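K.L.:
Residues per chain, in single letters:
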Amino acid sequence: MRFKNIFYVSVLSLALAACGNKLELLPEQDLSDEIVFNNVGTTESALRGIYSTAQELDFYGSLPQLINDYMGNTVDFVGTFPTLQDLNNFSAVSINSNVQTIWQVHYEVILQANRMIAKAPGVPGITQEQIDQFTGEAKFMRALAYFQLANLFSQPFQVSNGSNLCVPLVLEEFSGEVTYPSRATLNDVHAAIESDLNDATNLLPEGYSSPEDNIGRATKGAAFGLLSRLHLYRDQNDLATSAAQSAIDLGYPLTSSVDVFTIVNSAIDNGRTGSGGWAAYYNPAALGGRGDAPFSAELLALFQQEPTDTRFAAKITGVAADGLSHFFTTKYPDAVTNSDNSPVLRTAELYLNKAEALAKASSGISDEAVTILNAIRSKSSLAAKSVTSKNELIDLILVERNKELAFEGHSRMDLLRNRRNLRSNQANAAFGAPKTILPIPQREIDNNSGLRGQQNEGY
Amino acid sequence: MKQKLLSFIFVLTCLIGVTYAQNRQVTGKVTSATDGSPISGVSVAIQGTSSATQTDQEGNYSLSISGQVTLSFTSIGFVSQNIETFNRNIVNAQLVPDQSTLDEVIVVGYGEQNRTLSTQSVSTIKAESFKNTPIQTPQQILQGQAAGVNMVNSSGVLGAEAQITVRGGSSLSAGGRPLYVIDGVPLNSAGAEYTQTQGGSSGLNPLLNINSSDIESVTVLKDAAAVAIYGSRGSNGVILIKTKSGASGKTKINVDYFNGFSHPTADIDDMMNAQEWIQFRSDYLRANGATVPNFPTTSFDWLDAAVRTGKVNNIAVNAQGGDEKTRFYLGGNYSKETGFTISNAMDRLAGKISLDHNVSDKFKVGVNYNLSRVDMDRINSENSTYAPLTAAYLFLPYVTPYDENGEFVNTGFIGNFLAIDATGINKNYSNRQIGNAYAEWEIFEGLKAKTDFGIDNYGIDEKYREADILTPGGYAYRTHNTDNKWLNTSTLNYNKRINDLHNVGALLGYSYETAKLTQLLLEGSGFASDDLPNVGSASTPITTSEEVYEWALQSMFARANYGYADKYLVEGSFRRDGSSRFGPNRKYGNFFAVSGGWVISNENFFNKDNAYIQSLKLTASYGTSGNDGIGFYNYYGTFAGGNDYMGGAGLVPFRVANRNLSWEETAQFDLGLSARLFNRIDFQFNFYNKNTTGLLSDVPYPYTTGFPSASQNVGEMRNRGFEFAINSENIKRENFSWTTSFNIGFNKNTVLSLPVNPDEDGRNFLAGNTEQRAIEGYSRNSFYLIRYKGINQQTGEAEWFAKDGSTTTAPTAADRVIVGKADPNFQGGITNTLRYKNLDFSAFFNFSYGNDVYLDGIEFTDNFASGSYNKSRMLLDYWRQPGDNAYAPALNSDTRATFAQTSTKNLFDGSYLRLKTVQFGYTFPTELLSRTNFFSSARVYFLAQNIWTVKAKDFRGDPEISANGASNLIIGQTFFALPQPKTFTFGVNFGF
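Line order of the protein sequences matches chains A and B. Going by the numbering used here, the first sequence wraps up at 459, each residue one higher than the last. Going by the numbering used here, the second sequence wraps up at 1451, each residue one higher than the last.
If you are wondering where the hints come from, they were derived from the structure by calculation, not from laboratory data. Owing to the predicted nature of the structure, the values given are computational and were not obtained by experimental measurement. Don't take each hint at face value.
Straight-line Cα separation of at most 35 Å, DSBU-like style, residue types lysine-lysine; simulated pairs [stated by the list, open to error]: (1) A:LYS22 - B:LYS975; (2) B:LYS709 - B:LYS590; (3) B:LYS1412 - B:LYS1262; (4) B:LYS488 - B:LYS1191; (5) B:LYS1046 - B:LYS944; (6) A:LYS22 - B:LYS703; (7) B:LYS590 - B:LYS1412; (8) B:LYS585 - B:LYS711; (9) B:LYS488 - B:LYS701; (10) B:LYS1046 - A:LYS119; (11) B:LYS1207 - B:LYS1412; (12) B:LYS795 - B:LYS1410; (13) B:LYS922 - A:LYS331; (14) B:LYS907 - B:LYS585; (15) B:LYS1046 - A:LYS22; (16) A:LYS22 - B:LYS907; (17) B:LYS1296 - B:LYS488; (18) B:LYS795 - B:LYS944; (19) B:LYS795 - B:LYS1296; (20) A:LYS22 - B:LYS701; (21) B:LYS922 - B:LYS886; (22) B:LYS907 - B:LYS823; (23) A:LYS22 - B:LYS944; (24) A:LYS22 - B:LYS821; (25) B:LYS585 - B:LYS1296; (26) B:LYS823 - A:LYS22; (27) B:LYS590 - B:LYS701; (28) B:LYS585 - B:LYS770; (29) B:LYS590 - B:LYS784; (30) B:LYS907 - B:LYS1026.
Which stretches of chain A does chain B cover? Using the computed rule of at least three CB atoms under 8 Å from a CB of chain B, they are [to be verified]: (31) 73-83; (32) 170-183; (33) 274-286; (34) 323-336.
Note that the Cβ used here is the ideal one computed from N, Cα and C, for glycine as well.
Bound-form chain A, shown alone (with noise of 0.2 Å):
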């Protein structure tokens, strides 16, 4: 009996030794950020992630270029999400959904920038060449933010010479203090924007090791181009012509159609969502795309005026969300992997904002910008054209403009900053009207007590 006891308690006892303290678990997936700026490698690594955050469908992944587009005058958007409806019929609200995302995901890229700036210098073992790299990519990513918001949530620059109220301008670190900044004028936004760039002109390098890190990743060039469009943006012919002739000025022909700069995306990295993605969106249901985004009446009457424009070409017939047939792009032609880069500042575009600027700033007409002109149009079989007038030059570049960068998220601005309306016979979708830019989340609005009463109007 006392031996069987003795075994009972064993037993017993065992079954208690068997389990050790096991509660310090950490999580296999994340590091702890207190290392990731302790080395240059991981320093890098979450230089990537800016890169991958702008992959996010929310920021270029293509659904603010998407909205760019229909807004303004090259697609149709005949999809099913009525949160997208909304904004097609100028009807949005501030609790719109796809609104909120883009807003949120555009300040994840600020934010992350903001971290990069702070902490490269500080990384142990880090060299002045990757300091300065690093920080001139952060600031490049940052300024392309800030650009894509202010175009987004507030009017653009001819409405009120920028004195309007932009976006929350936020240049430091989080420091898991949270503060609820207020929404800066447009004109502050864009100096920040500016400065960044201008910056990022001094710090980048003018191209990497890897022909592919030339496009992928924020150059000279690319700054210099980015520079040219917010300008060009503001009216600042002089400064945009300079600008676009320095990064034409490091290499970028008009012949060669290489990017300057673009989102870099493959089959197992890209910004494609269940809800969309720029093959997604822009691609008829055969091709696997969801058809919301067919070519809109107008584009298609400027390409029908010239129907031997080899751009004209890169089209096909398919059955849009609508279940009609339709024309579409075929821009992004990967559908199923969605392996189609996202398109930034593109060669052709330096032209187009030197040619433009030109045509503006000149009293009479640029000759220069006429010869733009037609370079462009001989490159897509075009013959020269003749101009008459400064006006008619500065129209026929906007056409060349709006052919040559369609389904690239381009169109609303190009029609806002000069003063056009997005449609033609409807007052909430004419220059200036309250709904041609987005809400301010009212989430945002909820959670930053500075931004109360700050709301665009009419939402």
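Following the hints, complete the assembly by docking chain B onto the known chain A.
P.N.:
Just chain B, lined up with the frame of chain A:
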């Protein structure tokens, strides 16, 4: 003469009995004297010996005796009876319910208690009340059956997770599921982590693999006295599932088979046909000066193609038996169900073995092992346009699944579900093993030491393949997710009745539990042929991913109770939990409860023989419990990997650090009154007040911080309510009985405080989604919407109320007000069971009152301006001329595009009363069956589910809906969720 002869025979048999005193088998059946129903678990003992057995589920027993003995039949809740066997081989007994005590054993945490002497508040549902019911998972057992337990089916998709709250939801952002414990093994229930969501907001049901026909009882622990022993996991309520185990005696075999069919209970909406749609659209475009395109002349009835007759087939076989030393239970179940929606099916094969063995008088060992495999044909659900029903409601009615050659076409964003059904694969296979093995040693009388090892190994595989027609080149993914748990629980348990006056009980325990969740995902596209089903044949690998999450919980717990003279009862319990989930500053939590009871009816002054009240007990309890469903490592500030760019590894900020992050704590006060009235009504009343503090909140940050939110323990919420349950034997005669059981739970949920995040009126809130939010001073599921007024009869414009009550045609977010809530004021159920001779009939209704339901789908089907999907026929009633009392605005009104936007227009009263189950049965007479020498029992039955529903007049679809499964902050919303099935089954049950 006759008498003499009888006496002679009697004397003779006695002599024979004495002379040939050898072992023989005596069998019999124990039934209730009131209604003749069999009583299981009755102890049948030979007086003066230690030989004993128990009756099985059919009330039968078998015992080896020698000679003539006296058998004593004892069962809690019945008056004990002694019967002399004489020389009979069949000794039946009829037990009379013990009116004085109505003692019943209830399952509680880490043990069992006598119901009368327990101070805990629990609800128990026994196998009897859900037998033969075609339920997919055990949670459905709870619907309308347990007071204070609100169970809402999330949708009619097979395997969808239901929403369950016990005494109102106690959490905002942490886990909302109750803790499920099967035979002492707390189940893995990571829910949505196990599967790809496929558009559904809820994951698969965590109890999908649990076979309900092997369940003996389900017990819901409700008050602090009951849940505190589960410490940091008790605050959402604890559901103890006890599976069947062996009973000594002749081996009994039971076979149950049923077969049936199902249909949806309701149409979600009445949609336009092609002709109506084209006419409407053309009129609309013309009215707005737009060009009318040439619409196709084709048409197709998508809804008809999506819905079919569902079928259900189920066979369950079990065997139960053993002797005094070893008892066993074997159960097997195969069920095959096809949903009423195309492509949705579920097969389940489940088995169970339970063995208990007495090594000696003092030492006992046993094992319980449940095995199951579920094989499902899944469909996309809810918020996916690939979901058959969602697609069927959205498809433009002129879009067809086939081209002119009869080949499938790719219909794009709204998926051609006929093509998906014919060409795709969407499988979910899961294997689960839940088991435990124990050894128990009675050190001395009353003191038992027990150690128990448990496992829950859950493996879920998914295989998804889209053919070329849907994704050019084809697409596939494959997941393999496992959640493997083991735990050890060791307890010392002491129970002693001293001098028949003092009841003393004590429990001391230690447990360690750990589980590891592993998720593997392979995804690829580009196949040479549709005939290559496996992702390995894909030319482009899209994703190769492995993620691992591990957690551990170390606990010490204790309970002590004392009862004096069965009148005065006190109990205290304590648990200390250390968890890997908690931040380093708050790694260990202590939880406790104290409770007391007064059995008034056991007082000397109480006359139990009065006609009105036979039993009366008052209980009170107060204590705490926690919720550890706060994620795995959420206290840790991190950068997340896998955010790559151009082939290089990338890191992005993921989480704000919070070393204080820890459990949510719920303190609960409970007052209970239970009574037996008029010798026929059992009555239970409870009042409770539950205060949850340290609510895990994803404190929303301005996005300008770079983070959407940070997890913190802030916020306080109260659930206050009362529960009422009645079981009444209205009529009890030998040939006719009628019983009614009724329960109702009232709950009021109030958010008391939240992190600073004020709305327009200065009340802090936490948004669930656009429609729903938790608001200080109001329910955690308050609907916060613009109020829709209607169509102006003069102008044809849709109108809303501005915040100040004035009318507007252009409302903004600032006009939103609190307009309702998704949680009910009360809910419950009522069951009536009638038995006439061998016929039985029961009807079970459940109900819910005071909850609102927001139908997200109407934002689509009522969308006036869109040409991209179908519309409700209600839109045909649009405003045409002044004076029209129309549903929809004028075709060219300014509000044509805003009419369907989020507002109270899409909010409905979700109250309902539903005839959930009706059952008819016929039990063949025992006399008839005994002649077969084969069957010991036989019953045929017919059962119908969800056949009749009362709902709000204008409600579109099924009101029993909560599409987001176990979500806390979003309940009572649906986006084309499948309605509940209307099921008819016919079955037979045989005992051998």
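K.L.:
Next, verify each hint and record whether it holds.
P.N.:
Each hint tested on the structure:
1. A:LYS22 - B:LYS975: With a Cα-Cα distance of about 13 Å, the restraint between LYS22 (chain A) and LYS975 (chain B) holds, given a limit of 35 Å.
2. B:LYS709 - B:LYS590: Roughly 23 Å between the alpha carbons, so the hint for LYS709 (chain B) and LYS590 (chain B) holds.
3. B:LYS1412 - B:LYS1262: 28 Å, holds
4. B:LYS488 - B:LYS1191: 20 Å, holds
5. B:LYS1046 - B:LYS944: Judged against 35 Å, a Cα distance of about 21 Å means the pair holds.
6. A:LYS22 - B:LYS703: This hinted pair holds, its Cα atoms lying about 34 Å apart.
7. B:LYS590 - B:LYS1412: 34 Å, holds
8. B:LYS585 - B:LYS711: 20 Å, holds
9. B:LYS488 - B:LYS701: 24 Å, holds
10. B:LYS1046 - A:LYS119: Distance ~32 Å between LYS1046 (chain B) and LYS119 (chain A) Cα, so the pair holds.
11. B:LYS1207 - B:LYS1412: With a Cα-Cα distance of about 25 Å, the restraint between LYS1207 (chain B) and LYS1412 (chain B) holds, given a limit of 35 Å.
12. B:LYS795 - B:LYS1410: 31 Å, holds
13. B:LYS922 - A:LYS331: Within the cut-off at roughly 33 Å; holds.
14. B:LYS907 - B:LYS585: OK: LYS907 (chain B) and LYS585 (chain B) at ~27 Å, within 35 Å.
15. B:LYS1046 - A:LYS22: Holds - the C-alpha atoms of LYS22 (chain A) and LYS1046 (chain B) are around 12 Å apart, at most 35 Å.
16. A:LYS22 - B:LYS907: With Cα atoms ~28 Å apart, LYS22 (chain A) and LYS907 (chain B) stay inside 35 Å; holds.
17. B:LYS1296 - B:LYS488: 18 Å, holds
18. B:LYS795 - B:LYS944: Answer holds: LYS795 (chain B) to LYS944 (chain B) is near 28 Å, not above 35 Å.
19. B:LYS795 - B:LYS1296: OK: LYS795 (chain B) and LYS1296 (chain B) at ~33 Å, within 35 Å.
20. A:LYS22 - B:LYS701: Holds - the C-alpha atoms of LYS701 (chain B) and LYS22 (chain A) are around 30 Å apart, at most 35 Å.
21. B:LYS922 - B:LYS886: This hinted pair holds, its Cα atoms lying about 5 Å apart.
22. B:LYS907 - B:LYS823: Between LYS907 (chain B) and LYS823 (chain B) the Cα gap is close to 10 Å, so the pair holds against 35 Å.
23. A:LYS22 - B:LYS944: Holds, at about 14 Å.
24. A:LYS22 - B:LYS821: Since the Cα atoms of LYS22 (chain A) and LYS821 (chain B) sit roughly 34 Å apart, the hinted pair holds (cutoff 35 Å).
25. B:LYS585 - B:LYS1296: Holds, at roughly 23 Å.
26. B:LYS823 - A:LYS22: Roughly 31 Å separates the two Cα atoms, so the pair holds.
27. B:LYS590 - B:LYS701: Between LYS590 (chain B) and LYS701 (chain B) the Cα gap is close to 15 Å, so the pair holds against 35 Å.
28. B:LYS585 - B:LYS770: Holds, because 27 Å separates the two Cα atoms, which is no more than 35 Å.
29. B:LYS590 - B:LYS784: 29 Å, holds
30. B:LYS907 - B:LYS1026: 26 Å, holds
31. 73-83: Coverage by chain B holds here, the residue count being 4 at a Cβ distance below 8 Å.
32. 170-183: Coverage by chain B holds for the segment 170-183 of chain A (7 residues, Cβ < 8 Å).
33. 274-286: Holds: 4 residues of the segment 274-286 of chain A have a Cβ under 8 Å from chain B.
34. 323-336: holds (count 4)
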